[in-house]
Amino acid sequence: MVTVLRHGALRVVIFKDDHSPAHMHVFGDGEAKIDISGPAPRLILSTMRRGELRRASALVAGHQAFLLDEWRKHHG
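Per numbering that gives the first Met the number 0, the very first residue in the sequence shown carries number 0; after that it's consecutive.
Watch out, some of these pointers could steer you wrong.
20 Å max Cα-Cα, derived DMTMM-like pairs, lysine to aspartate or glutamate [what the hints assert, rightly or not]:
(1) Lys15 / Glu69
(2) Lys72 / Asp16
(3) Lys15 / Asp68
(4) Lys32 / Asp17
(5) Lys32 / Glu51
(6) Lys32 / Glu69
Don't read these hints as lab results, they were simulated from the structure.
All of these numbers come straight from a predicted model, not from anything done at the bench.
Construct all of the structure, not just a fragment, from the sequences and the given hints.
Below you can see the structure in the form of structure tokens.
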């Protein structure tokens with residue numbers, strides 16, 4: 000697991016042995032798995048509260064290009 004971004008209590012990570020499509024795991028008061036392979040991030044699953052999920056989604060959306068570059072560095 001590689002932490003690629005932190006913001007407040009949120010931590011965005013990539014699992015080195017993960018699978019496609021390109022996605023991020025965001026940890027805060029739970030976990031959100033967000034697909035970043037399309038034109039806009041898409042929620043796959045979440046155990047976060049709504050407010051924390053909104054913050055996590057906004058964080059990923061605001062850094063999508065950077066996060067996709069990080070995914071490619073680790074997964075080709």
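Status of each hint after checking the structure:
no.: 1; hint: Lys15 / Glu69; in the structure: holds (11 Å)
no.: 2; hint: Lys72 / Asp16; in the structure: holds (13 Å)
no.: 3; hint: Lys15 / Asp68; in the structure: holds (14 Å)
no.: 4; hint: Lys32 / Asp17; in the structure: holds (12 Å)
no.: 5; hint: Lys32 / Glu51; in the structure: holds (13 Å)
no.: 6; hint: Lys32 / Glu69; in the structure: holds (16 Å)
The structure meets every hint from the earlier list without exception.
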